[in-house]
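Peer 1: In case you want the letters, here they are:
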Amino acid sequence: AQTVTQSQPEMSVQEAETVTLSCTYDTSESDYYLFWYKQPPSRQMILVIRQEAYKQQNATENRFSVNFQKAAKSFSLKISDSQLGDAAMYFCAYRILVTSGTYKYIFGTGTRLKVLA
Amino acid sequence: DVKVTQSSRYLVKRTGEKVFLECVQDMDHENMFWYRQDPGLGLRLIYFSYDVKMKEKGDIPEGYSVSREKKERFSLILESASTNQTSMYLCASSLFWAGEGKLFFGSGTQLSVL
Numbered sequence: 215a216q217t218v219t220q221s222q223p224e225m226s227v228q229e230a231e232t233v234t235l236s237c238t239y240d241t242s243e244s245d246y247y248l249f250w251y252k253q254p255p256s257r258q259m260i261l262v263i264r265q266e267a268y269k270q271q272n273a274t275e276n277r278f279s280v281n282f283q284k285a286a287k288s289f290s291l292k293i294s295d296s297q298l299g300d301a302a303m304y305f306c307a308y309r310i311l312v313t314s315g316t317y318k319y320i321f322g323t324g325t326r327l328k329v330l331a
Numbered sequence: 198d199v200k201v202t203q204s205s206r207y208l209v210k211r212t213g214e215k216v217f218l219e220c221v222q223d224m225d226h227e228n229m230f231w232y233r234q235d236p237g238l239g240l241r242l243i244y245f246s247y248d249v250k251m252k253e254k255g256d257i258p259e260g261y262s263v264s265r266e267k268k269e270r271f272s273l274i275l276e277s278a279s280t281n282q283t284s285m286y287l288c289a290s291s292l293f294w295a296g297e298g299k300l301f302f303g304s305g306t307q308l309s310v311l
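Chains as they are written, first to last, in the numbering used here: chain V, 215 to 331; chain R, 198 to 311.
For reference, chain V alone in the conformation it holds in the complex (with noise of 0.2 Å):
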């Protein structure tokens, strides 16, 4: 089965600190793409950043960064000099080849984070 597995529900992080979200999936997969998005209270998802399981460098994106674990099947988000602004719902996504040719999105459970003044 392909899952993506968020085991923290709920995180906090004081303001300016770093916290590390994490993420485990199960594919049978040789390519694919990873995700993290993020879902503020307005409800509209963001995406926070992506990395292509073929290439070996984490994925950066300003004070966001991942830390890929092929092999282990991890895909964890850092977060440094957290932000007010941070404070939203966090999902893990895959994205794999279906029989039609074209992807479809498997995403986590989500986890909460809290930013604390």
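Treat the hints with care, since some could be wrong.
With a Cα cut of at most 27 Å, we get these calculated DSSO-like pairs of lysine-lysine [unchecked claim]: (1) Lys287(V) / Lys254(R); (2) Lys268(R) / Lys299(R); (3) Lys269(V) / Lys292(V); (4) Lys292(V) / Lys299(R); (5) Lys284(V) / Lys268(R).
Chain V side only, calculated, beta carbon under 7 Å to chain R, not exhaustive [claimed, not checked]: (6) Arg257; (7) Met259; (8) Arg309; (9) Ser314; (10) Thr323; (11) Arg326.
The hints are simulated quantities; they were obtained by calculation from the structure and are not laboratory data. For every residue, glycine included, the Cβ atom is placed at its ideal position computed from N, Cα and C.
Fit chain R to the given chain V structure using the hints.
Peer 2: Okay, now just chain R, sitting in the frame of chain V:
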């Protein structure tokens, strides 16, 4: 600016009613998706479509159907709404050849079935 628009932000329906959730995208995307979001369960794929009149079941299609008569519009249909279908519904779209794979989301419809 790219847009995925869901027709209603909040919807209240009665048990047994037929419910239509509408989604429109203006990016000429081939793929469109319907997810439901529940606390502790994350986003679960209901149905997706990769072309007009083409559809594939997701992980939880029971109790739902979909319609895609035009490329820009993807409708989710609850034939006979039940209380366990109370949820947040999210529509999304992407290119068929998804490249770097960005998924574009609407802002969700919170459906309450009473």
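Peer 1: Would you mind marking each hint as holding or not holding in the structure?
Peer 2: Tested hints:
1. Lys287(V) / Lys254(R): Measuring from Cα to Cα gives roughly 26 Å; hence the hint holds.
2. Lys268(R) / Lys299(R): Given pair lysine 268(R), lysine 299(R) holds - Cα atoms ~18 Å apart, limit 27 Å.
3. Lys269(V) / Lys292(V): Holds, at roughly 18 Å.
4. Lys292(V) / Lys299(R): holds (20 Å)
5. Lys284(V) / Lys268(R): Answer violated: lysine 284(V) to lysine 268(R) is near 36 Å, above 27 Å.
6. Arg257: holds (4 Å)
7. Met259: Interface hint status for methionine 259(V): holds (4 Å vs cutoff 7 Å).
8. Arg309: At about 5 Å, which falls below the 7 Å cut-off, the nearest Cβ of chain R leaves the hint on arginine 309(V) intact, so it holds.
9. Ser314: Serine 314(V) check passes; min Cβ-Cβ to chain R is 5 Å, inside 7 Å.
10. Thr323: holds (4 Å)
11. Arg326: violated (9 Å)
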